[in-house]
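For what it's worth, my numbering labels the leading residue of the sequence shown as 261, then goes sequentially.
Simulated from the structure, these hints should not be mistaken for laboratory data. All values reported here derive from a predicted model rather than from experimental measurement. All C-beta atoms in this analysis are idealised placements derived from N, C-alpha and C, irrespective of residue type, glycine included. Some clues are possibly wrong.
[Claimed, not checked] The calculated EDC-like cross-link candidates involving lysine to aspartate or glutamate, where the alpha carbons are at most 20 Å apart (straight line), are:
#1 Lys290 / Asp364
#2 Lys373 / Asp349
#3 Lys297 / Asp349
#4 Lys301 / Glu339
#5 Lys377 / Asp362
#6 Lys290 / Glu347
#7 Lys377 / Asp360
#8 Lys324 / Glu339
#9 Lys367 / Asp382
#10 Lys297 / Glu350
#11 Lys338 / Glu319
#12 Lys338 / Asp298
#13 Lys301 / Asp364
[Stated by the list, open to error] Cβ pair distances, simulated, as ranges:
#14 Lys338 / Gly308: 36 to 44 Å
#15 Asn317 / Asp276: 18 to 26 Å
#16 Pro391 / Glu339: 30 to 38 Å
#17 Gln274 / Val343: 15 to 23 Å
#18 Ile368 / Lys338: 23 to 31 Å
#19 Ile368 / His302: 20 to 28 Å
#20 Ile368 / Gly289: 25 to 33 Å
#21 Gly289 / Lys371: 34 to 42 Å
#22 Asn267 / Gly289: 26 to 34 Å
#23 Gly351 / Pro391: 16 to 24 Å
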Amino acid sequence: MATMASNRALPAIQVDPTNKPYFDAAREGKLLIGLCKDTNKHFWYPRGCSPFTLSNNVEMVPAKGTGTIYTYTVMRTKEPYCVAYVELDEGVRIFTNIVDCDMDALKIGQKVKVVFKPTTGDSPPATMFTPA
Numbered sequence: 261m262a263t264m265a266s267n268r269a270l271p272a273i274q275v276d277p278t279n280k281p282y283f284d285a286a287r288e289g290k291l292l293i294g295l296c297k298d299t300n301k302h303f304w305y306p307r308g309c310s311p312f313t314l315s316n317n318v319e320m321v322p323a324k325g326t327g328t329i330y331t332y333t334v335m336r337t338k339e340p341y342c343v344a345y346v347e348l349d350e351g352v353r354i355f356t357n358i359v360d361c362d363m364d365a366l367k368i369g370q371k372v373k374v375v376f377k378p379t380t381g382d383s384p385p386a387t388m389f390t391p392a
């Protein structure tokens with residue numbers, strides 16, 4: 261029998277000045293990642309300083325929103341869900357959920373694409389992935 265991802269309620273996301281540009285883009289259905297302008301390397305989670313140099317010479321840039329499942333596990337609770345690391349086409353890995361799928365059919369290396377799921381209240385959507 262297939263294990264389908266549930267549409268569980270997602271808590272509100274706390275927005276602050278450092279993550280507001282990311283979540284503003286998410287509301288528009290766009291995925292942003294960080295770019296260190298000193299090393300020209302992408303990084304996740306987008307933030308105001310580079311994890312490579314600790315410099316603030318960074319910017320948020322659009323990502324394609326596609327990648328592959330690097331690893332995952334299915335949490336077989338009352339409302340099953342899947343947590344995973346997704347490696348974006350840009351090379352960074354995101355800890356996320358895989359949704360809208362038969363979780364028994366997931367495979368490491370499987371292509372996925374970003375989806376933005378509503379959260380509680382007027383909070384911005386959560387970044388998740390679904391099979392491409």
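Hints, one by one, checked against the model:
A C-alpha spacing of about 28 Å is found between Lys290 and Asp364, which places the hinted pair above 20 Å, so the restraint is violated. For the hint linking Lys373 to Asp349, the alpha-carbon distance of about 10 Å falls within 20 Å, and the restraint holds. Distance hint between Lys297 and Asp349 is fulfilled; the C-alpha atoms sit about 19 Å from each other, no more than 20 Å. Pair hint Lys301 plus Glu339 does not hold up; C-alpha atoms about 37 Å apart against a cutoff of 20 Å.
Taken as a hint, the Lys377 and Asp362 pair is honoured in the structure, with Cα atoms around 17 Å apart against an allowance of 20 Å. In summary, the hint linking Lys290 to Glu347 is supported, as the alpha carbons are separated by about 17 Å, within the 20 Å threshold. With a CA separation close to 10 Å, the supplied pair Lys377 and Asp360 stays within the 20 Å bound. Our distance criterion of 20 Å between C-alpha atoms is broken by Lys324 and Glu339, whose separation comes to about 30 Å.
For the proposed pair Lys367 and Asp382, the alpha carbon gap of about 34 Å is over 20 Å, so the pair is violated. For the suggested pair Lys297 and Glu350, the alpha carbons sit about 15 Å apart, so the restraint of at most 20 Å is met. For the given pair, Lys338 sits about 41 Å from Glu319 by alpha-carbon distance, which is inconsistent with the 20 Å threshold. Taking the CA atoms of Lys338 and Asp298, the gap is about 47 Å. The hint is violated against a cut of 20 Å.
A distance of roughly 34 Å separates the Cα atoms of Lys301 and Asp364; the hinted pair therefore is violated under the 20 Å criterion. Remark: the range hint 36 to 44 Å for Lys338 to Gly308 is upheld by a beta-carbon distance near 39 Å. Take Asn317 and Asp276: their Cβ atoms lie about 21 Å apart, and the range 18 to 26 Å holds. In this structure the hint that Pro391 and Glu339 lie 30 to 38 Å apart at CB is violated, the actual value being about 20 Å.
Against the hinted window of 15 to 23 Å, the Cβ-Cβ separation of Gln274 and Val343 comes to about 20 Å, which satisfies the hint. A C-beta distance of roughly 26 Å is found between Ile368 and Lys338, which places it inside the suggested range of 23 to 31 Å. With their beta carbons about 22 Å apart, Ile368 and His302 fall inside the hinted range of 20 to 28 Å. Hint check: Ile368 to Gly289, Cβ distance near 27 Å, so the stated range 25 to 33 Å holds.
Checked against the given bound of 34 to 42 Å, the beta carbons of Gly289 and Lys371, roughly 19 Å apart, lie outside it. Hint check: Asn267 to Gly289, Cβ distance near 18 Å, so the stated range 26 to 34 Å is violated. Separation of Gly351 from Pro391 is about 21 Å and conforms to the stated range, judged on CB atoms against 16 to 24 Å.
Going through the hint list in order, the structure does not satisfy hints 1, 4, 8, 9, 11, 12, 13, 16, 21 and 22.
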